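A.B. asks: Chains A and B are the protein sequences, given in the same order.
Sequential numbering of the first sequence, starting at 1, is according to my numbering.
Sequential numbering of the second sequence, starting at 1, is according to my numbering.
Treat the hints as calculated values from the structure; they're not laboratory data.
Be a bit skeptical, because a hint or two may be false.
[Unchecked claim] DSS-like cross-link-like pairs, simulated, lysine-lysine; straight-line CA separation at most 27 Å:
1) K212/B to K392/B
2) K180/B to K73/B
3) K2/B to K74/B
4) K42/B to K194/B
5) K246/A to K369/B
6) K444/B to K392/B
7) K274/A to K61/A
8) K392/B to K246/A
9) K377/B to K223/A
10) K357/B to K223/A
11) K343/B to K246/A
12) K372/B to K12/A
13) K246/A to K357/B
[Unchecked claim] Derived CB-CB ranges, DEER-like:
14) E395/B to M113/A: 53 to 59 Å
15) E395/B to L126/A: 41 to 47 Å
16) G53/B to L26/A: 40 to 46 Å
17) K74/B to V148/A: 35 to 41 Å
18) L337/B to V148/A: 22 to 28 Å
19) E395/B to N147/A: 31 to 37 Å
20) K52/A to Q62/B: 47 to 53 Å
21) S325/B to N147/A: 26 to 32 Å
[Claimed, not checked] Facing chain A, according to a computed beta carbon distance under 8 Å, are these residues of chain B, among others:
22) P218
23) T304
24) C340
25) P358
Remember, it's a predicted structure, so these values are computed and weren't measured experimentally.
Cβ atoms here follow ideal geometry from the backbone N, Cα and C, with glycine treated the same way.
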Amino acid sequence: MKTNETRNAAWKGIALRGWQALRQPLVATIFGLLVGAAVILACGHNPIEVYKEMFEKSFFKPYYLFSTLTRATPIIICAMAVGMSWRAGYINLGVEGQMVTGTLVATVVALFMPGPPILVAIIAWLAGMAAGALYALLPSVLTWKFNVSMVITTLMLNYVANYIASYFVTYPLKDTSGDGLALQTPEIAAEMRLPRLSSTSTFNAGFIVAILVVVFMVFITRKTVFGYESKMGGFNPSFARYGGTKQVRVMLITMALAGAIASMAGSAEVFGLKYRYADGMLSSTSYAWTGLQAALIADLDPVGMFFISIFLSGLQIGGSAIQRSLGIPLEIATIIQCCITLFVSVKLVIRFVKKPKPAASAKGGAQA
Amino acid sequence: MKHITKVYGSLYANDDVHLTLDKGEILAVVGENGAGKSTLMKILYGLEQPTSGEIYLNGELQHFRSPHDAIAKKIGMVQQHFMLLEPCTVAENIVYGREPRKNGLFFDRSAAIRITEELCDKYGLHIDPRRLVKDCPVGLQQRVEILKVLYQDADIIIFDEPSAVLTPQEVGELLATMRKLAQMGKSIIIITHKLHEVMTVADRVMVMRLGKYIQEMPKSETSIEEMSFLMVGRHIVEREVPPQETTGTVLDVQDLVLAGPDEKNILDHFSIHVDAGEIVGIAGVSGNGQSELIQCLTGLLPPTSGQVVLRGQNMAGRSVGDIRSAGCACIPEDRYLWGCAAKASLTETSIMAHQYKPELSRHGLLNSKGAKGFTQKLLNDYDVRNSGQSQKAGELSGGNIQKLIVAREMEQNSPLLIAAEPTRGVDIGAIEFIHNKLLQKREKGDAVLLISSELTEIMSLSDRIYVIYEGHAAGEFRKADATEEALGILMMGGTLHENE
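Same shape as in the complex, but just chain B (with noise of 0.2 Å):
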């Protein structure tokens, strides 16, 4: 790819950024939030034309004006987020698109189910065809995504974020993966911004910044401090977290119970406390309750039995409203089901639950200067990159409406603050940002309950950590006394007791 360029309304998206890749290779584009590696991908992809410059394919100038043109010339790209027909089958998702036919009108389910055999063993991905996606947990329908990709016999595999919806040890996978393709001679391309995640598995590595090519070197050749400091212009500092007395209870989990479906509780029993002036973190692989866990303590569900006594006062099965005016604020875990609606303006996505302080309305009528005021307050304050407040949310890049959403909970200036997963799929600088903002908030006195699947994020903030497994608390540490194993059997069921 030469001098590409792409340009939105006056905002430089790709500035003449060039892009080379050999066989067999694996390249990492690095750079934070808005650098425009994703824009890059999706010029390449066919997803976008550039405004100006071109792209060669094994010496050959290309105009791809759709994905269709990119995937014919062998060009897969493993979305962020999973393009998959849910109620399906795996193999029924593999071939879609290009099914086996049965006497060229009707669909051929075996062939389907022996192609995806063949293939899972051509590149030794195992994973059952008859499967539906709905019932496969994350890390096996990525992998989905990957045998899709395989199967339109992609030679360039292009990788965007993968790693942002994976545990640990799915990641671990998927890296092997990577490599594995790659020594089959797959040239793959994986945007990222976890710069471990670089250092295991690339061969090169292209840093962009505000649309522009930094630089690019031999992975053997760099550091994840050099990659860092090129993506942000500055150096990051290690962080200090100074102890802190905490000062009475804020938020009192007692006995909290959600029935499931079946005989099993989603949540069981489960009793936590979170102080003023600390942040308590929530540790455990996804799926154990803890979305269930933080729709019960914000109102969203009804718990079935228990407490969730928030400054004194019982709020278990109480509405949202109610409990946010008691003083809890939250940042969702899933910015785009709860935190915004896409096609909501800045201004709109800025004020909800802000809509009735006497600055944004009075009586029932909206305040639009307010409003106007308070958007830009946020926008400012929390640099989130963005042409204007009449931008509709779900044109602003993942870090930058998860800066916006994180701006506006904070802003509720509320004693209690649940953070779930705050820097999900966002970059070194907005996360560095975000966990100053949180300890700010811990500073200030107020209580943060941070529930997260990053486990080095829990473990850097947090003043007290539980570990949830199948929706009870299986374990209470202080800081000083947690480390990653410890956390981590607990993680997966285990006693530590058998352990030792």
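In isolation and in its complexed conformation, chain A is listed as follows (with noise of 0.2 Å):
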């Protein structure tokens, strides 16, 4: 009986917790579709029918569930990498150059590399992972000698990145045999590709390696010291410091592993989608942004940021086919996606602000 009893609360309690987390985003959610619904009925259709074609053309259609997960791929990576970075305190809005940086070296080693394809596709992701990491370690690496804002630096990197890698399909990694407009490298060979998961559609494993990304991110919150200690630093960097952890090598680890994720999300682009870097398809899909704001709608729960980057990646391909058979412009899902954003964000910016200043700091006092 007594047990019975604390069995019950004990799911009473699971039960309030998970509403607990669920409710923002899910009341969110709720306002931003209504605001979508004012901004359809002034478009002059009916957002119910709308809303009826959009969600059949995301989720409950095998072949647009199938697109939806293909595009959701990156953005559950990239939302990885902004969660690893941001839970720790560290404001990373770089894992776009990171992503950029990362995969453009994973295909410059995936076509010059001799040698056996899968080894080198494996050398190529490692490559990959090791650019986004040493990408993101720039940043980390001036915060901690001369203090500099890393929400600034990690924002202009993305530029340098974007640009750097404009050059190099422009000209010395040009594919000459296409298209001569095209700005974009030779495909990589066929052996390297990531298989596909459905004969009809472009779905690929790239969906598995985004899984397990998560999956190493609920690993490393949930059952290791560090991600303890980073955890506590994001919280109360005076605490943390104060028990002893070294924020240092806290920081330089999380911000390499953030880089690290966020360089996958690009290759599993390029290896289980389009099979060549092409300019600005990173940047010009917004996976890096639609990861954050996944991120931050799903207040960094590892879980949660991959089932909303889902929902965030459907909207997307939901807010496409309705342009297409209705005639309603696609800038109707980004409306959507932005005000849920914004009704999560209020209560963020709420918590961000109330945050107790790491007081050591402003004395000048050596951060480790």
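Starting from the two chains in their separate frames, assemble the complex, guided by the hints.
C.D. replies: So this is what it looks like as structure tokens:
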């Protein structure tokens, strides 16, 4: 009897926690969809029909569901990269740059390294991760040594990465065999590509990579001392410092992991979908920023980020579907997505404002 | 307030509590941490809604949905943690929320200053309206809070643990202020667990324990002993600390200097030593370098020069981690800044600085079972009232989070424990408990460095006492030689010789 009661109480506790975790995103989603409905009405359409069409052509028909999951793959991985750094208190806005750098390096290795294709592919992924990690370490070292704001450096380094990548695909790496106007590298060898998981669509094993990254993220956050220390540093850096955690080390590992994860988002796109690096393929699609929004909406919870990334991807797929069939602009999806993020962020902003200041750094105390 | 009940989950924070307050009266609400005093006041101030029960004001039933409603009915509250805009002036803080305006649009700064001066004159609370709040000492900041409440024209003023952060002199002034306000017809509720303050200032006392109303009586008919018995539910015994031999130096601080932003050193050739098996107290008015001393000793701040020798090793300028592994634990002076993270669970709070111990982690992998078991042990052994390990540290009451932090640092079983303000803002029962733990540590033959602004605490626990004044050790006493007067003179920067 007693055990039954305690079990019931435990279930109630879990249900309550779950509700508390989901309440904010759910309410925000409903508000976001309402704002979207108002815009659709203003365009002279029936919102219910439009939404029906939109969700049918993103989640409920197999072909569209596969498109949604394909698009979600890099978004999920980017969300994990954002979550990795943000939960430790480092506002890394440079996931896009880290992804572009890593992907470019991975593509170059895949194109030019001799050897058995499977091995080359593995080395290419690893090289990409190393490059992404190094690119993330650059702003971290600036923060460590010169106390530069990471928000600014990571954001600016996105442009640096994008322009460098543009240079490489415009000149040295340009595919001269095909369309002369397309700024892209040649295709990677067929044996290196990730297998397709569906015969009718482009849905590929990159999604499995994304799931593995989520699992890795859950493992790091729940099961490791590093995950614990970085989380405490994110909650209250003074507390972590007082407890004797090596904060510089935690920061460098955090950012390197974030950069490595970011590179996998682009590698999944190249090896699973496009088979080549094309100029702007990772920036014009806003994968990193959608991932960032997913991370914000899910409040940095890995499993939550996974599902919200899929949801946002579905909005984008559904949005382009209704543009094709009903002539409603694609931007509807963007409006809904941004409204959801806004409604969720209201809470997030309040949280960051309330965060205690790291007291000693103001007095010029060393970080370590 | 009638039949007030407030339930959080399965916890009755208030269980059928009554409270009455007459005009011009000072009512003291006393009780241990978690007795439900603060909850009751939050309900009165509209911050929380009662699960059941009613509030009547001058015979009228009230429904307070937020502090706005309470303020409109002339109820004001002086919070324990000040809610002030630090970079702004005193006047700006006082009028904030109901600013005087020019042409209905622009903030009228000179009117704000005039209003503040009028308020100061009316209530005899003097302060420079143009001064920035961040430049004011804590006592003056509290005065700003009081003036703010008076500007809102409150008739009922609630003080939540008002003396927790004040120096003895400031406490005296505060109590005088309360008396004056009561004479002017304001009704005052003071939440506290400092019983001698209750005896000085209150007209009537109400005791709460574990969420329940226990008893109330006029001050004249009660005593400190009776109140503490009612609060804790048992008698508190006077402590006799037997003398004890010390065995070898654990901490030896030589010529410690920390340069300040200007010419003056924050720590100025500070030298002390702490031996195994003794409690060494550092007395001083807060702001004389105590915080920086703690930070230099624990590795949070690198000292400019000097030696911090811990068990034969000079640790000056080494990292917090190194100093901790060399055998130093620390109860921090500010439990919310250093001691915990408000959003961390109790498990996460408990394992800080224990996370590399083999029972908690191996090869960088956390042992969740070990962490849970360890946390449960701390929670049980130190009587931390909680609603489960997933509760957030920020949701515990001040005394309970302090007990958890004390537990965590005690369990380091380190040769040296630095205890900074270990009982700041906690109740009698918890103070006694924490003091006993410190004495047990001394009995075990460990060294304890006690830094506190509570002179009685220093005097009752310490074997030796140093006085810190403007960053240097102004005097050293053995327990038998220390008198409150002598310490007090040195704390204020005087010299004993002159006074004799």
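A.B. asks: Next step is simple, just say for each hint if it's right about the structure.
C.D. replies: Now the hints, each set against the structure:
no. : hint                         : verdict
1   : K212/B to K392/B             : holds (24 Å)
2   : K180/B to K73/B              : holds (22 Å)
3   : K2/B to K74/B                : holds (19 Å)
4   : K42/B to K194/B              : holds (20 Å)
5   : K246/A to K369/B             : holds (25 Å)
6   : K444/B to K392/B             : violated (33 Å)
7   : K274/A to K61/A              : holds (23 Å)
8   : K392/B to K246/A             : holds (24 Å)
9   : K377/B to K223/A             : holds (21 Å)
10  : K357/B to K223/A             : holds (15 Å)
11  : K343/B to K246/A             : holds (21 Å)
12  : K372/B to K12/A              : holds (20 Å)
13  : K246/A to K357/B             : holds (16 Å)
14  : E395/B to M113/A: 53 to 59 Å : holds (55 Å)
15  : E395/B to L126/A: 41 to 47 Å : holds (44 Å)
16  : G53/B to L26/A: 40 to 46 Å   : violated (33 Å)
17  : K74/B to V148/A: 35 to 41 Å  : violated (51 Å)
18  : L337/B to V148/A: 22 to 28 Å : holds (25 Å)
19  : E395/B to N147/A: 31 to 37 Å : holds (34 Å)
20  : K52/A to Q62/B: 47 to 53 Å   : holds (50 Å)
21  : S325/B to N147/A: 26 to 32 Å : holds (27 Å)
22  : P218                         : violated (42 Å)
23  : T304                         : violated (11 Å)
24  : C340                         : holds (6 Å)
25  : P358                         : violated (12 Å)
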